[in-house]
Amino acid sequence: MNNKILRAKELGIAGCHACGQVVDMQSLDVAKCPRCDSVVHFRKHNSINRSWAFLISAFIMYIPANTEPMMRTTSLGNESADTIMAGVIYFLSHGDWPLALVIFAASVMLPLLKIMAIAYILISIQRGSSIRKSENTRLYNLAEVLGRWSMLDVFVVGLIATLVQLGELTTIMPGAACMAFAAMVVLTMVAEMVLDPKLIWDQVELPNRVN
Amino acid sequence: MDNVITKSPSDSMFVCHHCDALQRTPEIEPGSTINCGCCGSSLFRVSSGTLDKPLALIMASMIIFVIANIYPIMTLTMVGVSQSATITGTALTFLNQGNPELAAVIWLPSVLIPGVIICGLFYVLFSIRYQMNWRYTRPILIWVSRLLPWGMMDVFFLGILVALVKLVDLADIILGLGFYAFLALIFVYAFTISTLNIHALWDDMDPVPEPSH
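As you go down the protein sequences, you meet chains A and B in turn. According to our numbering, the first sequence is numbered sequentially starting from 20. According to our numbering, the second sequence is numbered sequentially starting from 86.
Calculated directly from the structure, the hints in this document are not laboratory data. Be aware that one or more of the hints could be misleading.
What the hints assert, rightly or not - Restraint ranges, calculated between C-beta atoms of paired labels, are given here:
| # | chain 1 | residue 1 | chain 2 | residue 2 | range |
| --- | --- | --- | --- | --- | --- |
| 1 | A | G186 | B | P185 | 19 to 25 Å |
| 2 | B | T280 | A | A105 | 40 to 46 Å |
| 3 | B | Q216 | A | K51 | 43 to 49 Å |
Claimed, not checked - Take a look, some chain A residues computed to stay more than 12 Å from chain B by CB distance:
| # | residue |
| --- | --- |
| 4 | H36 |
| 5 | Q40 |
| 6 | H64 |
| 7 | N65 |
| 8 | T86 |
| 9 | T102 |
| 10 | M104 |
| 11 | A136 |
| 12 | Y139 |
| 13 | Q145 |
| 14 | R146 |
| 15 | S148 |
| 16 | F174 |
| 17 | G177 |
| 18 | V183 |
| 19 | L185 |
This one's a predicted model, so the numbers in the text were calculated from it and none came from an experiment. Backbone N, C-alpha and C fix where the C-beta goes; we use that ideal spot for every residue, glycine too.
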């Protein structure tokens, strides 16, 4: 199987990102897709540097997202602020472990794992590592599918803060972590989008060309 | 200058957008998924005939989308004070509190982007199905594909459930029509997207044009 695979780039061909059209690049770096008129490249432009930039920004945002309060509750004059971990611990101590698990997985684990996964793929590409290409591609696909679920807690806080507006009695306001969190999710998504997974495969020694 | 390699759907090549392997579209059952022969990523579904089904589903999504956004998701009652929330209402609350960024972060992925995707897909599908050749079909299809990952109605729905569990001990909660409509919407919407093959839509839109000159 492996010796039959042809890389489009080696043949001067690229697939259009928007519509999938197979385009002969005519030894140019950039062409126009004949079908949908989008710009076609062999590889996404400056993919690795841009991906690192977004990824590092995302990691910086991950810190306030977890240390700053997500919600500020004012109840009869008493103010309290909860970080994400405080919320998780609250549910654990009330025996509500499935909910604690969902919040912990979506808000704490998932973003960190996604950042680590993209960093790992970037480092593998930069080191020209030629092992585990399929696994790295699968990791990339997984990060792509799961990343958006991290947005969960921002939506939860949004809903709760809207509903619990009972004046003097109890009022819940979103905390500073909310925006940091949303920014972190968006930045990791962009880091994953600008990273071209084809780069994972670019260091393969040319297989025998059959066909 | 012939820079078009694909000649017809029966003799089509495709390039895996994950590993750049050039390969021939295998002959498989309509409706099943094509996986890359090199890296194993699932790439696209072979369209199963007419566009009637996706078109019907997208129209259903449009109707449910409107209902889900007009009616409140839930109403919370605490010592006689009631507060109900629609999704847009949630965003408006933050806008009024002087927090427009948070309003945008909630409203865009849960209302505006899915709304644009649903309407855009309706435009594209209707235009292709009835051969209307509407003018903006191509740019809209490109934008819909770009926006797809940013629509987060399913994540928002899980958010509603988590919020429910958090609040249920605190106060009386009545689920509104918006909640049930939203539940139906995420299923219909996910099903619509899974029956669609964006690549095949491009094939349906026109047989690849003859090379100019």
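Verification of the supplied hints:
Checking the proposed 19 to 25 Å range against A/G186 and B/P185 shows it holds: the Cβ atoms sit about 23 Å from each other. A C-beta distance of roughly 43 Å is found between B/T280 and A/A105, which places it inside the suggested range of 40 to 46 Å. As the Cβ distance of B/Q216 to A/K51 is approximately 25 Å, the hint placing it in 43 to 49 Å is violated. A Cβ of chain B approaches the Cβ of A/H36 within 12 Å, the least distance being about 7 Å, so the stated non-interface status is violated.
Its beta-carbon lying about 6 Å from the closest one in chain B, A/Q40 breaks the requirement of being farther than 12 Å from that chain. Distance to chain B confirms A/H64 as a non-interface residue, since its nearest Cβ pair spans about 16 Å, more than 12 Å. With a closest Cβ-Cβ approach of about 18 Å to chain B, A/N65 is found to remain outside the 12 Å limit, as its non-interface label requires. Residue placement check: A/T86 keeps its beta carbon more than 12 Å from all beta carbons of chain B (closest about 18 Å).
Interface exclusion of A/T102 from chain B stands, the closest Cβ pair being 15 Å apart, more than 12 Å. With a cut of 12 Å on Cβ distances, A/M104 stays outside the contact zone with chain B, its closest approach being about 16 Å. Listed as outside the interface, A/A136 is consistent with that label: its C-beta sits roughly 15 Å from the nearest C-beta of chain B, beyond the 12 Å cut-off. A cut-off of 12 Å between C-beta atoms confirms that A/Y139 is not in contact with chain B; the least separation is 16 Å.
In this structure A/Q145 is separated from chain B by more than 12 Å, as the shortest Cβ-Cβ distance comes to about 18 Å. Every CB of chain B is more than 12 Å from the CB of A/R146 (nearest about 18 Å), matching its label as outside the interface. At roughly 15 Å from the closest C-beta of chain B, the C-beta of A/S148 stays outside 12 Å, upholding its exclusion from the interface. The claim that A/F174 is not at the interface with chain B is violated, since a C-beta of that chain comes within 12 Å of its own (minimum 3 Å).
A beta-carbon of chain B is positioned within 12 Å of the beta-carbon of A/G177; the least distance is around 5 Å. A beta-carbon of chain B comes within 12 Å of the beta-carbon of A/V183; the shortest separation is about 7 Å. Not every CB of chain B is more than 12 Å from the CB of A/L185 (nearest about 5 Å), against its label as outside the interface.
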